[in-house]
Amino acid sequence: MGMSAVRALFRRRPEADSTMRSVLSEKERRDPAYQVLYWVVFLFLLALALTTLFPLWWMFTGPLKAPLEFISLPPTLWPRGTPRWKTYLDAWNSVSYPLYFRNTILIALGTWILEMFVATTAAFSLAKLKPAGKPVLLALFFSTMAVPGTTLLVPRFITVARPPLFSPLLQHLFGARGLIDTWWAIWLPASVSGFNIFLLTLFFERIPDDYVDAARIDGASAWRLFLQIILPLSRPILAVLTINSFMGSWQSFLWPMLVLPSQDSKHPIMVRLYGLADTFTASRSATEMLAAIAIAAIPPLILFVIFQRQIVRGISQTGLTG
Amino acid sequence: MHSSDVATPIMSEARSHTYWRRRIIHNARAYAFLLPALFLFAMFMWWPVVESFTLAFQAVTLRFERSWVGLANFRFIFGDKLFFIAWRNTLRYTAMAILFGYIVPVVLALAANEMRPWARDLFRLAYYLPVILPAVVTSLLWKWIFYPAEGGLLNAVLGFFGMPPLRWLNDQRLALPSIWITTTWGGAGGAMIMYMAGLADIPASLYEAAEIDGANIWQRIWYITLPQLRFLMLMMLISQFINNIQLFTQPWVLTQGGPNNATLTNTIYVYRQAFFNAQYGTASAAGLVIFAFLSIFSISYVVLITRRVK
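Sequences listed follow chains A and B, in order.
Take the first sequence: its letter number 242 is residue 295 in the working numbering, and every next letter is one higher.
Take the second sequence: its letter number 294 is residue 296 in the working numbering, and every next letter is one higher.
Simulated from the structure, these hints should not be mistaken for laboratory data.
Remember, predicted model here, so these are calculated numbers, not experimental data.
Hints should not be assumed to be uniformly reliable.
[Stated by the list, open to error] Straight-line C-alpha distance at most 20 Å; calculated DMTMM-like pairs for lysine to aspartate or glutamate:
| # | chain 1 | residue 1 | chain 2 | residue 2 |
| --- | --- | --- | --- | --- |
| 1 | A | LYS80 | B | GLU67 |
| 2 | A | LYS139 | A | GLU122 |
| 3 | A | LYS187 | A | GLU258 |
| 4 | A | LYS183 | A | ASP263 |
| 5 | A | LYS80 | B | GLU152 |
| 6 | A | LYS183 | A | ASP262 |
| 7 | A | LYS80 | B | GLU213 |
| 8 | A | LYS319 | A | ASP266 |
| 9 | A | LYS183 | A | ASP266 |
For reference, chain A alone in the conformation it holds in the complex (with noise of 0.2 Å):
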């Protein structure tokens, strides 16, 4: 799996090559003086690389290093003697991993089921049930995407922690304090996105109305229709959607940070470096706090090696339209 994923790393894409060309055409590239414009471009664009990746290479192979070796400079770009792997199984444990891999897991996976669902079925009823008031609803859902994060911070928190009509059973159920320190305030705010709803209106418009009508004409109801034909035929755009939505939930700080103040063993992953980050004095501690940073970025790292042609494609298509 890992092997075809690097080969398709350096495929040729001849659907790709046919139809796209570069400002530079095929005779002038043979053109001695553009070749060696090429290559000058080349090892420029190459030095460029290698120093924006040194700083990962570093940050992967430094808790390999000895505490001492670590600090010393010139910086060695592979540990002297054995490499320490035992520092990352150090980190693994001292930072209690597998207690916020889990909870970064289970935020993340009832962020996407409740965004899914959200963004789905509205998206479904507006391009394909039409409801009456179809161009306020889109407004409405649409224009909220220009609402900057800055600016909800304070209202959403106050609406977690007091959700207006639902407050006095909340208070019953959860405590004076609405759903602050439970989950819920993070998977309930995830689930309204204006953009998910935006392209997904867009791509469930674009399925031809053929499909809707012969399911129609076999009697099929609108459930039905939703989860046999519609949902089928979304499956790229909504691996896109669930890509950005684990990414988003991997990454996500502010907002758990905020939301779980009281709670820490109920943080993701981030909160919980951040919380950890004074302990950068001993250089004992510098490797596996530099252990335990790196094993963060493993995650997302692995996800793009996989979908990596996923990912850049759903980039190009939410990218060039928004």
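Position chain B relative to chain A; hints supplied.
Leaving out everything else, chain B in the frame of chain A:
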């Protein structure tokens, strides 16, 4: 049959009873599917948007009891030195990021796009890898690289060139540029990859026609490539601007807004007002100022996105 396209007889004037009944049932079904979104949006999006306006004119206690205070919150923030420091820092950072961080990914994308496919994919991967790292990870990594004495990695590089070590994040004048370095390292690849996708969509026929007319490389770039990228570049400019104005994670993790508020940004100001000073009202007022400032950009952005694909 549940089709919404119910044919009505041309001759009769009134719609039949069953027509309306079918319309109502149909709409009920459509709205049933919308219920989850409507309910959750109402609670966690539309209501907070309304509150972002009302809270700015209220004082809120820790127990979330509210009272109207008119313009007092605004009078406070416009008299608060830190408010202006936050805006100054944020605008300085945004200027740096746009001046140096906006064009560079375009240039890199253009250059990388000229490479042979294997090299192109390689560079795309190399420049994009830092983007995949979570912001907290990037910040903690660079916190270590910026170690303010001789042992730090970046100071080692300086030492290699015979320059003395710098205090980076501990230096009031260097802290904000250091944060800019961190965010550019972790973000430029994302822009580059977008531009590369945009470049891939440029039809070959345009270039061929230009060659027939004898255009050289620079002319081709100026008259074909850049105009084709214009929309994408505009979108990227707006979205980068909006994100830069709201920068939080990197300055917070690296310096908590210090040293001496040198890296205090708008969002950090709001965060501190609300959750350290327990001043939800003034924090909302500050948030509203941000909304007002960004509104022109955010609205343009949404209009552009929604119009482009229709």
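Take a quick look at whether A:LYS80 and B:GLU213 sit within 20 Å of each other, Cα to Cα. holds, 11 Å
Agreement of A:LYS187 and A:GLU258 with the hint, judged by alpha carbon distance not exceeding 20 Å: Judged against 20 Å, a Cα distance of about 13 Å means the pair holds.
Restraint check for A:LYS319 with A:ASP266, where alpha carbons must lie at most 20 Å apart: violated, 48 Å
Would you mind confirming whether the straight-line C-alpha gap from A:LYS183 to A:ASP262 stays at or under 20 Å? The given pair, whose Cα atoms are some 12 Å apart, holds under the 20 Å limit.
Given the hint that A:LYS139 pairs with A:GLU122, does the C-alpha gap stay at or below 20 Å? holds, 16 Å
Pairwise hint evaluation, B:GLU67 against A:LYS80, where the allowed Cα distance is 20 Å at most: violated, 74 Å
Can the restraint linking A:LYS80 and B:GLU152 be considered satisfied, given a maximum Cα separation of 20 Å? violated, 52 Å
Within 20 Å, alpha carbon to alpha carbon, are A:LYS183 and A:ASP263? Judged against 20 Å, a Cα distance of about 16 Å means the pair holds.
Is the hinted pair A:LYS183 and A:ASP266 satisfied, with a Cα-Cα distance of at most 20 Å? Distance ~14 Å between A:LYS183 and A:ASP266 Cα, so the pair holds.
When each numbered hint is compared with the structure, violations occur for hints 1, 5, 8.
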